[in-house]
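As given, the protein sequences belong to chains A and B, one line each in that order. Each residue of the first sequence is one higher than the one before, counting from 0 in numbering that gives the first Met the number 0. Each residue of the second sequence is one higher than the one before, counting from 0 in numbering that gives the first Met the number 0.
A portion of the hints provided could be inaccurate.
With a cut-off of at most 25 angstroms between alpha-carbon atoms, the simulated DMTMM-like pairs for lysine to aspartate or glutamate come out as follows [said to hold, decoys possible]: (1) B:K51 x B:E22; (2) B:K51 x A:D206; (3) B:K110 x A:D206; (4) A:K124 x B:E68.
In case anyone wonders, no lab produced these hints; they're calculated from the structure. Predicted model, so just to flag it, every value in this text is computed and none were measured.
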Amino acid sequence: MNFPKFLVASVAFYAIVQVLSMLGIFNGYMMIIINKSLIYVILAVSLNLINGITGQFSLGHMGFAAVGAYVSGTITTLFFKLRAPREFSLDALPAELVFFCAIVVGGLVAAFIGVLIGFPSLRLKGDYLAIVTLGFGEIIKSVINGIDYVGGPRGLLGIAPFSNFTVIFIFAFLTIVIIRNVIESSHGRAMLAIRENELAADLAGVDSTRYKVTGFAMGAFFAGIAGGLLAHLIQMAHPTQYGFLASAMVLILVYAGGMGSLTGSIIAAFLLTFLTEALRLGVDWVHEITKLPIGTEWTMVIYALLLILIMLFKPDGLMGMREAKILQLGRKHA
Amino acid sequence: MLTVKNLKVNYGQIEAIKEVSFEVPEGKIVTLIGANGAGKTTTLRAISGLEKASGGTITFKGKDITNQEAHQLVPLGISHVPEGRKIFPTLTVYENLEIAGWTIKDKKIVKQRMEEVFTAFPRIRERISQLGGTLSGGEQQMLAVGRAMVTGGEILLLDEPSMGLAPVLVDEIFERIVALNKMGRTILLVEQNAAEALEIADFAYVLEVGYTKYSGPAKVMKADPRVREAYLGV
Chain A
0 MNFPKFLVAS VAFYAIVQVL SMLGIFNGYM MIIINKSLIY VILAVSLNLI
50 NGITGQFSLG HMGFAAVGAY VSGTITTLFF KLRAPREFSL DALPAELVFF
100 CAIVVGGLVA AFIGVLIGFP SLRLKGDYLA IVTLGFGEII KSVINGIDYV
150 GGPRGLLGIA PFSNFTVIFI FAFLTIVIIR NVIESSHGRA MLAIRENELA
200 ADLAGVDSTR YKVTGFAMGA FFAGIAGGLL AHLIQMAHPT QYGFLASAMV
250 LILVYAGGMG SLTGSIIAAF LLTFLTEALR LGVDWVHEIT KLPIGTEWTM
300 VIYALLLILI MLFKPDGLMG MREAKILQLG RKHA
Chain B
0 MLTVKNLKVN YGQIEAIKEV SFEVPEGKIV TLIGANGAGK TTTLRAISGL
50 EKASGGTITF KGKDITNQEA HQLVPLGISH VPEGRKIFPT LTVYENLEIA
100 GWTIKDKKIV KQRMEEVFTA FPRIRERISQ LGGTLSGGEQ QMLAVGRAMV
150 TGGEILLLDE PSMGLAPVLV DEIFERIVAL NKMGRTILLV EQNAAEALEI
200 ADFAYVLEVG YTKYSGPAKV MKADPRVREA YLGV
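For reference, chain A alone in the conformation it holds in the complex:
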C-alpha cells in the first residue's frame, strides 16, 4: 500500500470531521453515525480478511465482537468501576490506559476463541466453518444470557463512554493498515492462494490449515476490538446486539463492497450506515408530506431493495476485487 498517501488521506478525514464537529456543523447525532460507520469499517475489513482474502466463510463475526464487548466492558466497568472518562490530563491517563488495555484484551480473548473453534473446523475443507461459526454466534449469546455477573439477559449496563471519535478513528486506521500489510506479505500470498485453490496451495507447500486459522484468528481479534469500542460508545452491551442478524449485516457490508476489496468494505460500511439513517429520515419526511400510512418499518424494505439493486447491477459488489490506488497491493506485473 501507499502508506504516506493513505496516512495523509486519513489524517485529512480526521481533521475535517473534527473541525466540522467543533464548528457545530456535525451535531452529536451525526458524530454517532460516523463513529458507528468506523466501527463497521473495522468489522467489515476484518471479516473480509476471513471471507474475501482467505476464502473461508464465517457467519458468526458478531459473536467475536460480543466477546470483545463483554470482556472489555467487564474489565472497565465491573473490575475497575470506571464511570466516566475525565477531560484529558495526565492524571486522567490511567483510566484511559485501562480502557485501551481492556479493548486489546477483548480482542485477544476473541482471537483465542477464534483459534479454539477455528482449528478443528478449518482442518476440514468446505462449508464446515460456516456451520460452526453460525452455531458459535448463537452459543456465545446463550452463554452471555446465562452469566448473571455480566447482567445476563438484562445486558451489561453503565459502561463509561470511553469510545470517542479519536479513539475509534485510531483503531479503524490501525485495522486497515495492519490487515492491508498482512495481505501484502508472503503470509497474505499464502491466504490468497488458499482462496484461489486450496489444493493447489497445498501443492505449492502452503500449510493451508495453519494459514486459515491465522486469518480466522486475526479477523476475530479485530472483531473483538470493534465490539469493545461499540460497547464503550453506546455505553452498554446486550446479547441481542450480537445475534445472527447482526453478523449477517457485516456479511452484507463485505459482499456489497466487494469480496477481497478493503476499499469496498470501507465504502460499504459508511454508505450503508448512512443509508439506514437517511432512509429513516426520508420515510418520516414522506409520511409528513403525503400523510401516507408508511412508517419506519419501510426503511428495511427499501434497504433490502437497494441491496438487491447493487447485487443486480454490481454482482461482485461496488468495488469488485479492486482497491483504491492508495490501498492497492504492490502487484508486480498486474
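Please build the complex by placing chain B on the supplied structure of chain A, with the hints as guidance.
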C-alpha cells in the same frame, strides 16, 4: 528414486487402490496407464500426501514418506500437477508462479526457475500480467506445469496433462514433458492417452481396478497384445 509398495487407499468403505506397486528410477519417465477408475489419480494423490494410504509404503530417495502432509512433501522435492490444472484464476500468471515458489527462501532461485519456465513455455512469458483464469486451456496447463517447475520438484507428478486439450496442444505438451525430462527431472505421468504416453515413457505400468496388472519397458508394453487391445484400441 520413488518406490511404491503394496499401496492401499480407501475412500470410506470403497477400496480405490487395492495393491499397487511400482518404481520410478531417477531421470526416467514412468507412466501409469489404465481405464477410468483404475486408480491412477488416487495413486498420485497418495504419493503427494493429498490422500491417506491405508496400507503399503511410499519411499522417496530412501526415505519413508507414507502419509505425510502435502505441504511437508513439497520441500523434499515432490511436485504434483493436479488433474484439471487448478491454477489460481484471479491472480496474475506472475503471481501464480511466485506462489509456487512459496517454500523457497532464496527468491533468486525463484526468479531463475521462472526464467526456466519462460524458456520452456515462451507463451507463458507473453501472458505474464494476465489473470490465470483468462488463459486458454493449453496455456493453463503450461502454467500448471510451470508452477511445478518453480516449486522445484526433482520428481514431477503429472496428472492427465493432455486432458481437454486440442490435439496440436497435446503434442506440444508432450514435447515439453520430454524436454523437462532431458533437463534432469524425473517424471511420473498419469495418462488416459495411452498411445502418446507410451511413446515418450521409459517404463509403463498398467493399472486395472486398483491393481498393477502389467509392467515393463514402454516399448515392450506398446507391443504387448493385451495392452494394445485394451488401451490402444488396436
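**Item:** Given hint E68 of chain B paired with K124 of chain A - CA-CA distance at most 25 angstroms
**Value:** Between K124 of chain A and E68 of chain B the Cα gap is close to 15 angstroms, so the pair holds against 25 angstroms.
**Request:** Quickly compare the C-alpha distance for K51 of chain B and E22 of chain B to 25 angstroms and report which way the hint goes.
**Result:** Distance of about 19 angstroms is within 25 angstroms: holds.
**Asked** Does D206 of chain A lie within 25 angstroms of K110 of chain B when you go C-alpha to C-alpha?
**Response** holds (22 angstroms)
**Asked** Has the given pair, K51 of chain B with D206 of chain A, been kept, meaning a C-alpha gap of at most 25 angstroms?
**Response** holds (17 angstroms)
Of the numbered hints given earlier, the model fails none.
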